[in-house]
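A.B. asks: Listed below, chain by chain, are the residues.
Protein chains: 2
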Amino acid sequence: MRVRLEDVARAAGVSPKTVSRVLNDEANVTDATRERVRAAMEAMDYRPHPSARSLAGNRSFLVAMLYDNNDNPASTYLAEIQDGVLEACDAHRYSMMVRPLRMRDGDFIRRLDALISDHHPDGVVLTPPITDYTPLLKRLRERNVPYASVSPLRHGKTIGVMMDEQRAARAITEHLLELGHRRIAHVIGIANHGASRWRLAGYREAMVAAGIPEDPALVVQGAFTFGSGVEAARQLFSLAERPTAVFAANDDMATGVMWAAGEYGLKVPHDLSVCGFDDTPLSRQLWPALTTIQQPSREMGRLAAEQLLSMLRGHGPAKLVQVPFSLQIRGSTAAAP
Amino acid sequence: MRVRLEDVARAAGVSPKTVSRVLNDEANVTDATRERVRAAMEAMDYRPHPSARSLAGNRSFLVAMLYDNNDNPASTYLAEIQDGVLEACDAHRYSMMVRPLRMRDGDFIRRLDALISDHHPDGVVLTPPITDYTPLLKRLRERNVPYASVSPLRHGKTIGVMMDEQRAARAITEHLLELGHRRIAHVIGIANHGASRWRLAGYREAMVAAGIPEDPALVVQGAFTFGSGVEAARQLFSLAERPTAVFAANDDMATGVMWAAGEYGLKVPHDLSVCGFDDTPLSRQLWPALTTIQQPSREMGRLAAEQLLSMLRGHGPAKLVQVPFSLQIRGSTAAAP
DNA sequence: AAGCAAATTGACAGCGCTGTCATTTCTGCC
DNA sequence: GGCAGAAATGACAGCGCTGTCAATTTGCTT
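Going down the list, the sequences are from chains A and B. Per my numbering, the first sequence starts with residue 3, numbered consecutively. Per my numbering, the second sequence starts with residue 3, numbered consecutively.
A portion of the hints provided could be inaccurate.
[Claimed, not checked] Partial list, derived from the structure: chain A residues whose beta carbon lies under 7 Å from chain B:
# : residue
1 : 49
2 : 56
3 : 81
4 : 287
[Stated by the list, open to error] Each pair of labels, with its calculated beta carbon distance range:
#  : chain 1 : residue 1 : chain 2 : residue 2 : range
5  : B       : 94        : A       : 331       : 24 to 32 Å
6  : B       : 332       : A       : 27        : 55 to 63 Å
7  : B       : 217       : A       : 108       : 25 to 33 Å
8  : A       : 166       : B       : 210       : 53 to 61 Å
9  : A       : 28        : B       : 318       : 42 to 50 Å
10 : A       : 286       : B       : 332       : 22 to 30 Å
11 : B       : 243       : A       : 108       : 36 to 44 Å
12 : B       : 94        : A       : 143       : 26 to 34 Å
13 : A       : 159       : B       : 143       : 35 to 43 Å
14 : B       : 156       : A       : 166       : 22 to 30 Å
15 : B       : 269       : A       : 156       : 47 to 55 Å
16 : B       : 332       : A       : 137       : 38 to 46 Å
If you're looking for bench data, these hints aren't it; they were derived computationally from the structure. Heads up, the beta-carbon is just placed ideally off N, CA and C, and yes, glycines get one too.
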């Protein structure tokens with residue numbers, strides 16, 4: 003038989019309401035009472051019934067994680083964020099549900115409404131690129147559902163987590179410059195994604211600072227996929243004056259660049275330096291291993307959820323926390339030929 | 003203000019209980035009444051409150067998907083299954099929660115217990131490799147939680163979904179044999195995973211049928227990762243008598259094999275044919291594209307959940323459904339040199 | 001047309017919690 | 001020591017549904 007709050011109350015010699023107060027960390031309970039109740043809960047292995055809690059308390063203890071599984075970045079990235087969000091939710095005894103939302107499909111606002119009406123999440127975690135989709139943000143505000151974002155494009159009053167991607171991109175470009183490279187190409191990610199913009203901006207910033215005029219032929223469009231990296235690289239390698247280094251906006255594209263280098267008989271890193279962004283597991287498995295920027299995706303998911311939860315629980319003002327990046331220098335970059 | 007069941011009842015001129023019956027597709031409601039109630043629900047955009055439903059009805063309308071994020075196969079595989087499970091749950095208005103369970107950690111039974119006590123899932127979907135972990139299955143039965151499995155190792159009374167992986171592996175090996183290959187190597191996946199066993203068995207079956215004696219040097223251990231594929235291939239390419247074809251137990255390892263081929267100056271498919279298993283997005287992006295077995299992961303997730311739900315809803319006996327595979331012949335395999 | 005079983009519908013309590021507000025118990029202070 | 005005000009605790013209703021069982025209606029027989 004299930005242990006109920008009432009049973010705990012009887013065991014601890016207090017009223018059910020007091021047990022409820024302890025359960026919810028409310029004020030106005032003496033330490034002695036609190037301790038007694040805690041002990042009773044522990045002893046009886048009491049587990050509050052989430053449905054009863056949410057029915058009576060008018061909150062769901064549910065966080066929904068929204069992602070776009072159409073236009074999405076690498077699925078390992080999302081999987082890691084998901085793990086992080088889950089960890090934070092678990093820690094605070096919230097449950098989490100995941101929700102794919104295809105923004106290209108027209109009905110996503112209806113699907114969002116259905117999610118809210120059907121499940122009443124207390125809050126929502128947004129992942130790129132839907133962190134930046136204005137109609138969606140608007141609807142969430144209208145419906146009064148708090149949200150936290152992972153790597154949002156705008157940093158206004160948004161809460162969540164971000165990394166200084168522009169500075170990271172600048173750092174990795176500077177690494178190439180220090181190795182003596184001058185003709186450094188950049189492969190852009192999907193247009194309009196914040197990640198693409200920042201990384202391009204960081205690349206440009208470093209080049210300008212080094213006094214190298216921009217060569218438009220060296221900046222080519224990709225789409226975050228391996229295949230788009232291959233395409234972009236073929237374009238670059240067909241140039242009369244080839245680049246000696248390529249900075250791709252993510253690891254998948256960088257891998258594509260390395261693949262294409264093989265096709266053109268270019269040895270990495272001897273003839274061509276390549277670097278990426280994200281530090282996916284793949285990047286370490288390549289040979290040579292890929293120089294890249296480590297982005298702590300799992301941790302970012304955790305922190306975003308943590309901010310959301312601290313807001314939901316009224317623990318002071320939540321903010322947009324910044325996580326550090328780290329430049330992982332590996333075998334794919336070397337001195338310019 | 004929220005529309006409640008009572009409001010619908012008033013609008014339809016029936017008792018709340020009757021609306022409840024319609025909501026739950028129960029018997030003993032005349033078609034006329036049912037229709038009237040349905041119309042009222044529709045008109046008022048009624049959404050039942052899940053917590054109230056589960057509190058009163060003693061069921062949660064929740065399905066948990068369990069996976070091992072430690073020892074896991076490619077995360078895209080899990081992501082696809084997750085999408086499929088979600089689709090099925092949505093269709094039947096169940097909610098879904100995901101649950102990583104690291105079987106290498108000792109506390110996974112405790113974590114499973116916590117999941118059950120905290121969230122009361124009505125059922126559980128198991129993904130490889132935890133489909134086969136006996137203590138876990140035992141605990142689920144003890145706790146009386148129904149489950150469905152994706153690609154379970156044992157096919158006893160388990161419900162869920164499977165593919166005839168052995169026959170698929172045999173088919174792809176036969177494809178290599180038809181191309182004239184005799185020295186065909188196999189890279190095994192993580193030991194004990196059902197996938198590894200079946201694929202090895204299918205390979206052997208085809209070789210035996212073709213009358214080719216097994217050369218133990220051609221069967222090497224891998225671990226489903228790109229890196230392990232590279233390692234395995236290096237081992238194979240160092241052999242005095244190299245294989246002319248390699249069948250790797252999944253696409254990631256096959257990609258590793260192709261990578262290593264580049265290191266050894268072997269042109270795929272001219273000098274070496276390579277094939278994989280899974281038909282991951284990556285396999286199409288490679289050049290040459292990878293010959294592989296298409297496994298409908300998303301569909302498998304959906305079907306497994308569908309079986310579970312039909313069992314939960316008492317819609318006849320659920321079973322272990324089988325999905326077809328399809329051999330995707332692409333550029334990475336060609337006639338033996 | 002009466003009579004009976006089966007089908008349909010409804011009344012009501014209660015699932016396990018929390019919100020509201022009343023009550024009791026502590027403080028500090030003159 | 002007595003009193004006001006704050007802090008701690010408790011009583012009780014009710015969140016939105018469903019299970020149980022009783023009441024009513026329907027369909028069928030004879």
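A.B. asks: Would you mind marking each hint as holding or not holding in the structure?
C.D. replies: Hints and how they fare:
1. 49: Hint on residue 49 of chain A: holds, closest Cβ of chain B at ~5 Å, below 7 Å.
2. 56: 4 Å, holds
3. 81: 4 Å, holds
4. 287: Holds - the Cβ of residue 287 of chain A comes within 7 Å of chain B, reaching about 4 Å at its closest.
5. B:94 / A:331: 24 to 32 Å: 51 Å, violated
6. B:332 / A:27: 55 to 63 Å: 58 Å, holds
7. B:217 / A:108: 25 to 33 Å: For residue 108 of chain A against residue 217 of chain B, whose Cβ atoms are near 57 Å apart, the range 25 to 33 Å is violated.
8. A:166 / B:210: 53 to 61 Å: Taking Cβ atoms as reference, residue 166 of chain A and residue 210 of chain B lie about 59 Å apart, which means the hint holds.
9. A:28 / B:318: 42 to 50 Å: Cβ of residue 28 of chain A to Cβ of residue 318 of chain B: about 49 Å, so the range 42 to 50 Å holds.
10. A:286 / B:332: 22 to 30 Å: 27 Å, holds
11. B:243 / A:108: 36 to 44 Å: Roughly 59 Å apart at Cβ, these two residues miss the hinted range, so it is violated.
12. B:94 / A:143: 26 to 34 Å: 31 Å, holds
13. A:159 / B:143: 35 to 43 Å: Given range 35 to 43 Å: violated, Cβ gap about 50 Å.
14. B:156 / A:166: 22 to 30 Å: Once the Cβ atoms are compared, 51 Å apart, the range 22 to 30 Å for residue 166 of chain A and residue 156 of chain B is violated.
15. B:269 / A:156: 47 to 55 Å: Since the Cβ atoms of residue 269 of chain B and residue 156 of chain A sit about 49 Å apart, the hinted range of 47 to 55 Å holds.
16. B:332 / A:137: 38 to 46 Å: Once the Cβ atoms are compared, 40 Å apart, the range 38 to 46 Å for residue 137 of chain A and residue 332 of chain B holds.
Hint compliance for this structure: hints 5, 7, 11, 13, 14 are not met, and every other hint is.
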